[in-house]
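Undergrad: Sequence:
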Amino acid sequence: MIQFLLLVSRQGKIRLSKWYSFLPRQQQIKIAQEAANLALSRNRKSCNFIEWREGKLIYKRYASLYFIAYTDKDDNELLTLEIIHHYVEILDRYFGNVCELDIIFNFHKAYYLLDETIIAGELQETSKQKVLHATVAQDMLIKAANGQDS
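Letter by letter, the sequence shown follows residues 1 to 150 of my numbering.
Be a bit skeptical, because a hint or two may be false.
For each label pair, taking beta carbons as the anchor points, the in silico distance ranges come out as [said to hold, decoys possible]:
{"no.": "1", "residue 1": "63", "residue 2": "136", "range": "21 to 27 Å"}
{"no.": "2", "residue 1": "132", "residue 2": "9", "range": "23 to 29 Å"}
{"no.": "3", "residue 1": "148", "residue 2": "18", "range": "28 to 34 Å"}
{"no.": "4", "residue 1": "104", "residue 2": "138", "range": "18 to 24 Å"}
Capping the alpha-carbon separation at 16 Å, the derived lysine to aspartate or glutamate pairs in EDC-like fashion look like this [to be verified]:
{"no.": "5", "residue 1": "128", "residue 2": "115"}
{"no.": "6", "residue 1": "56", "residue 2": "77"}
{"no.": "7", "residue 1": "60", "residue 2": "89"}
{"no.": "8", "residue 1": "60", "residue 2": "77"}
{"no.": "9", "residue 1": "18", "residue 2": "115"}
{"no.": "10", "residue 1": "109", "residue 2": "139"}
{"no.": "11", "residue 1": "130", "residue 2": "115"}
{"no.": "12", "residue 1": "13", "residue 2": "102"}
{"no.": "13", "residue 1": "18", "residue 2": "122"}
{"no.": "14", "residue 1": "60", "residue 2": "100"}
{"no.": "15", "residue 1": "128", "residue 2": "92"}
{"no.": "16", "residue 1": "56", "residue 2": "34"}
{"no.": "17", "residue 1": "130", "residue 2": "92"}
{"no.": "18", "residue 1": "128", "residue 2": "116"}
{"no.": "19", "residue 1": "56", "residue 2": "72"}
{"no.": "20", "residue 1": "128", "residue 2": "89"}
{"no.": "21", "residue 1": "73", "residue 2": "51"}
{"no.": "22", "residue 1": "73", "residue 2": "139"}
{"no.": "23", "residue 1": "73", "residue 2": "54"}
{"no.": "24", "residue 1": "130", "residue 2": "116"}
{"no.": "25", "residue 1": "60", "residue 2": "74"}
{"no.": "26", "residue 1": "130", "residue 2": "89"}
{"no.": "27", "residue 1": "18", "residue 2": "116"}
{"no.": "28", "residue 1": "109", "residue 2": "89"}
{"no.": "29", "residue 1": "60", "residue 2": "82"}
Hints listed in this document are in silico derivations from the structure and should not be mistaken for laboratory results. The C-beta atom is built at its ideal place from N, Cα and C for all residues, glycine as well.
Can you make the complete structure from the sequences, with help from the hints?
TA: Okay, structure coming up:
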């Protein structure tokens, strides 16, 4: 099970964080910074898996963002790496070549896409088309609601 997922810029700023296990906010901030620093400080040619605390950090860099997941010790690292890649592909299709600014200015959409893909730390939807269809349907509902308000 994925315990948390972070999107971190190359400068170490956390752009998105999703926690699937409860921790106090102060502890979340401390752990997120520590995990980000570990991933950012590694050589680009190093392995993308780090045994850390009681689990594993699995990370992958895409353009200017690091996608970092923390999983249980006995979870499959390659499967987690594939889940990260799956989420990146969904973001790419929705935003059209996603970049850090897309995440910053449309963080609510990034969270929605993540929630459609992963629930309670487990992959729930493997079909990119279904996730994108649900998101586009939500966009249409929001537009319709905003149209009625004005």
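Undergrad: Confirm or reject each hint.
TA: Outcome of the hint check:
no. : hint                     : verdict
1   : 63 with 136: 21 to 27 Å  : holds, 24 Å
2   : 132 with 9: 23 to 29 Å   : holds, 25 Å
3   : 148 with 18: 28 to 34 Å  : holds, 31 Å
4   : 104 with 138: 18 to 24 Å : holds, 20 Å
5   : 128 with 115             : holds, 13 Å
6   : 56 with 77               : holds, 8 Å
7   : 60 with 89               : holds, 13 Å
8   : 60 with 77               : holds, 12 Å
9   : 18 with 115              : holds, 9 Å
10  : 109 with 139             : holds, 9 Å
11  : 130 with 115             : holds, 13 Å
12  : 13 with 102              : holds, 15 Å
13  : 18 with 122              : holds, 13 Å
14  : 60 with 100              : holds, 15 Å
15  : 128 with 92              : holds, 11 Å
16  : 56 with 34               : holds, 13 Å
17  : 130 with 92              : holds, 15 Å
18  : 128 with 116             : holds, 10 Å
19  : 56 with 72               : holds, 6 Å
20  : 128 with 89              : holds, 8 Å
21  : 73 with 51               : holds, 8 Å
22  : 73 with 139              : violated, 38 Å
23  : 73 with 54               : holds, 6 Å
24  : 130 with 116             : holds, 9 Å
25  : 60 with 74               : violated, 19 Å
26  : 130 with 89              : holds, 13 Å
27  : 18 with 116              : holds, 13 Å
28  : 109 with 89              : holds, 14 Å
29  : 60 with 82               : holds, 10 Å
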